[in-house]
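Number of protein chains: 2
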Amino acid sequence: MTVPKITKVVLQAIRRSKKPLSKGELVQITGLSLATVTEHVERLIRSQLVTDLELGQSTGGRKPRLLSFNTEAGYIAAIDLESTHVHVGILDLTCSIIISRSRLIDVSQGPKAVLEQIKELLFQLLDESKIDQNLIKGIGMGLPGPVEFSTGLPASLPIMPGWDRYPIHQFWSQYFDCPCFVDNNVYTMLLGEHTVDSISDIENFIFLKVGNGIGAGIMVKGEIYRGASEYAGNIGHNNICHDHLCYCGNRGCLEAIAGGRAIARKAEQIAREGKSTILKEVLKIKGKITIDDVKFAVREADPVMVELIRESGFQIGSVLAGLVNFFNPSLICIGGSVAEIGDVLLASIRQAVYQKSLPISTRDLVIRSSYLGDKAGIIGAAVLTAEKIIDDSLIRTKEGTYSI
Amino acid sequence: MTVPKITKVVLQAIRRSKKPLSKGELVQITGLSLATVTEHVERLIRSQLVTDLELGQSTGGRKPRLLSFNTEAGYIAAIDLESTHVHVGILDLTCSIIISRSRLIDVSQGPKAVLEQIKELLFQLLDESKIDQNLIKGIGMGLPGPVEFSTGLPASLPIMPGWDRYPIHQFWSQYFDCPCFVDNNVYTMLLGEHTVDSISDIENFIFLKVGNGIGAGIMVKGEIYRGASEYAGNIGHNNICHDHLCYCGNRGCLEAIAGGRAIARKAEQIAREGKSTILKEVLKIKGKITIDDVKFAVREADPVMVELIRESGFQIGSVLAGLVNFFNPSLICIGGSVAEIGDVLLASIRQAVYQKSLPISTRDLVIRSSYLGDKAGIIGAAVLTAEKIIDDSLIRTKEGTYSI
Numbered sequence: 001m002t003v004p005k006i007t008k009v010v011l012q013a014i015r016r017s018k019k020p021l022s023k024g025e026l027v028q029i030t031g032l033s034l035a036t037v038t039e040h041v042e043r044l045i046r047s048q049l050v051t052d053l054e055l056g057q058s059t060g061g062r063k064p065r066l067l068s069f070n071t072e073a074g075y076i077a078a079i080d081l082e083s084t085h086v087h088v089g090i091l092d093l094t095c096s097i098i099i100s101r102s103r104l105i106d107v108s109q110g111p112k113a114v115l116e117q118i119k120e121l122l123f124q125l126l127d128e129s130k131i132d133q134n135l136i137k138g139i140g141m142g143l144p145g146p147v148e149f150s151t152g153l154p155a156s157l158p159i160m161p162g163w164d165r166y167p168i169h170q171f172w173s174q175y176f177d178c179p180c181f182v183d184n185n186v187y188t189m190l191l192g193e194h195t196v197d198s199i200s201d202i203e204n205f206i207f208l209k210v211g212n213g214i215g216a217g218i219m220v221k222g223e224i225y226r227g228a229s230e231y232a233g234n235i236g237h238n239n240i241c242h243d244h245l246c247y248c249g250n251r252g253c254l255e256a257i258a259g260g261r262a263i264a265r266k267a268e269q270i271a272r273e274g275k276s277t278i279l280k281e282v283l284k285i286k287g288k289i290t291i292d293d294v295k296f297a298v299r300e301a302d303p304v305m306v307e308l309i310r311e312s313g314f315q316i317g318s319v320l321a322g323l324v325n326f327f328n329p330s331l332i333c334i335g336g337s338v339a340e341i342g343d344v345l346l347a348s349i350r351q352a353v354y355q356k357s358l359p360i361s362t363r364d365l366v367i368r369s370s371y372l373g374d375k376a377g378i379i380g381a382a383v384l385t386a387e388k389i390i391d392d393s394l395i396r397t398k399e400g401t402y403s404i
Numbered sequence: 001m002t003v004p005k006i007t008k009v010v011l012q013a014i015r016r017s018k019k020p021l022s023k024g025e026l027v028q029i030t031g032l033s034l035a036t037v038t039e040h041v042e043r044l045i046r047s048q049l050v051t052d053l054e055l056g057q058s059t060g061g062r063k064p065r066l067l068s069f070n071t072e073a074g075y076i077a078a079i080d081l082e083s084t085h086v087h088v089g090i091l092d093l094t095c096s097i098i099i100s101r102s103r104l105i106d107v108s109q110g111p112k113a114v115l116e117q118i119k120e121l122l123f124q125l126l127d128e129s130k131i132d133q134n135l136i137k138g139i140g141m142g143l144p145g146p147v148e149f150s151t152g153l154p155a156s157l158p159i160m161p162g163w164d165r166y167p168i169h170q171f172w173s174q175y176f177d178c179p180c181f182v183d184n185n186v187y188t189m190l191l192g193e194h195t196v197d198s199i200s201d202i203e204n205f206i207f208l209k210v211g212n213g214i215g216a217g218i219m220v221k222g223e224i225y226r227g228a229s230e231y232a233g234n235i236g237h238n239n240i241c242h243d244h245l246c247y248c249g250n251r252g253c254l255e256a257i258a259g260g261r262a263i264a265r266k267a268e269q270i271a272r273e274g275k276s277t278i279l280k281e282v283l284k285i286k287g288k289i290t291i292d293d294v295k296f297a298v299r300e301a302d303p304v305m306v307e308l309i310r311e312s313g314f315q316i317g318s319v320l321a322g323l324v325n326f327f328n329p330s331l332i333c334i335g336g337s338v339a340e341i342g343d344v345l346l347a348s349i350r351q352a353v354y355q356k357s358l359p360i361s362t363r364d365l366v367i368r369s370s371y372l373g374d375k376a377g378i379i380g381a382a383v384l385t386a387e388k389i390i391d392d393s394l395i396r397t398k399e400g401t402y403s404i
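So the protein lines, in turn, are chains A and B. Our numbering numbers the first residue of the first sequence as 1 and each following residue consecutively. Our numbering numbers the first residue of the second sequence as 1 and each following residue consecutively.
I should point out that these hints are in silico values taken from the structure, not numbers from a laboratory. Treat the hints with care, as some may be off.
No copy labels: a pair is met if it fits in one copy or bridges any two.
[Stated by the list, open to error] With a Cα cut of at most 27 Å, we get these calculated DSSO-like pairs of lysine-lysine:
| id | residue 1 | residue 2 |
| --- | --- | --- |
| 1 | Lys280 | Lys295 |
| 2 | Lys221 | Lys266 |
| 3 | Lys388 | Lys221 |
Please model the complete structure; the sequences and the hints are all you need to start from.
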């Protein structure tokens, strides 16, 4: 059954709104006539996707009925997988988080083992929130690397052995009777961040993820820009002036010097050499240094670690500077697990961008940390899923038919 | 007078078509009903922008009348200014060149002197082609650097003293009663190249201009991507690994090592040192070396000059490689006066891009020379102008009213 496009336009407007809407407001937002809005709203109320129980303020005559999305019409399971951990959440169809949790995970164990662990966590959250498994209307999943979005198949990635073109949606179809969308988590973070009020009107912005890997999500005119092969934003292997060998086989890659893994490796080296008092102690106790130890040392103002992060930030900013000249964005949001280090990293990224970009390219540019932090990925995965299941009329009722 | 948008949709469809169209074909292209198409076609015929004199092939009944743009309804003056030369052309409203010519010019003489010389050349072309000055319906001009397109004002550029925010449209309004549009000529070249049959369906591509300066025009979904401050594509000052001081004050800029001016300077140095037999002779006769001398030496297979161009191409390709990872384009067209050197430059650009980009980012990428060569700029300036005057209903008749 194909659904009239106008119903979807009306539904998306109601879903995206942060507050209940009157029909008059819907007319303004959608540009449709009152008669058309009324017809489609009635259809949506019958399908139980929209409720009109609340009453608005009277402007003289009858109090207008206010329309809002029926948040209990269904839920989305959203997964944000990183190379060392995963965030899992259950969100309603307006993409508000009902429950979410993180756990450590190792993507190099391969898709089967990792997906099993994610599934366990997801069922635990369903259990705790008392949400019926059949009310999950879509699954959105972000991966820490390039994904061919149209097929949902991951691209080959050295850090993720066994994931190359693994059919993730097939795994989930064993447990859920709903569509599944898989995407690069830089794109889902971009979509998540775009839901923030002060950002949602910005048409062209870059979300920069600094985790173990470094990648960019690009928005043009409010939509994800994916590129010719759907792999746009893959800047972790952009060249900078150094000679380190990267796992990709090239020398001089950004990730090989400024990604989380590279930073931890250098910090461990520094700890071994006894140059950082804090990390020397940590190394003695744990036998290794992780990016979390580096974060701790920076918070404790360890000067050697602060300097290491400054250098990494400057290298990241140097690559960004070229992209700023090219793309002339309004906004760069910086997120990802390494970005949680905060101001030291952000300041050095800014310094390099403003020093190395042309002044006319940075005139209208804001560079700041992600508002949503580690929630950007699951919120974005839910946005992606909610938009797709409404646009493609994929919301299923218990009876197995489409509900609109 | 505002013009119904549908009339413009019908007119643009007729204007863009490479062959006369029947009303049935217009219905297919525009998605409008036959009644609507007929109504607006009649309006366009009355305004003399469209003619229906040709007869199509009968499919049984009455022979259909074929519609085409009335190429004599008006003309566009298109100007492509470079730092050392200018191309001027008169094109009809379908953007076919009626007459065009180039001449040497020095932009550093400032806008008044330069515009006077361009005006002289333009009037000479009007005279030779016997086109009435009043039939010029729009002027499109490309400049070799950033322009704030919405105001038509050039940005500050060290190589163009006196041009900073100079009101070029005011100069032309002394001589022509029609709108004037000024843009970065990388964008007009991009638009020009996009008219080529095999390219016009490509949604995301980069036009790279290698002249004295190096810049990129970016197309997303068939439209110029301009960025937050309208200065996107300004990659001539992207950083590469070298220590040369650039006129912008930074070190390591691409243009300072691989732009036409930088190449000519290095070639002169090489000639002075006697390392190139050909250029040593040229230097003796002319007292200096220009980029045209380098082109000549490369054509004559001077090994030192071939090596110099290879190095420059590799540096350009290294910057492009990062942009390919970021933007994942389908196509990069390379044009501009230095690009006329041809295969040696193109091959070394390709080599660097394929070596330094990620394989998944180049999977669907074609890199090739501009088809239109030094005509891309004036054709694109005409396209920009034709689209704007029709979209904004700015075509004026002799009586001073809008003709549609």
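> Going through the earlier hints one by one, which of them does the structure break, listed in rising order?
Replying inline: 2
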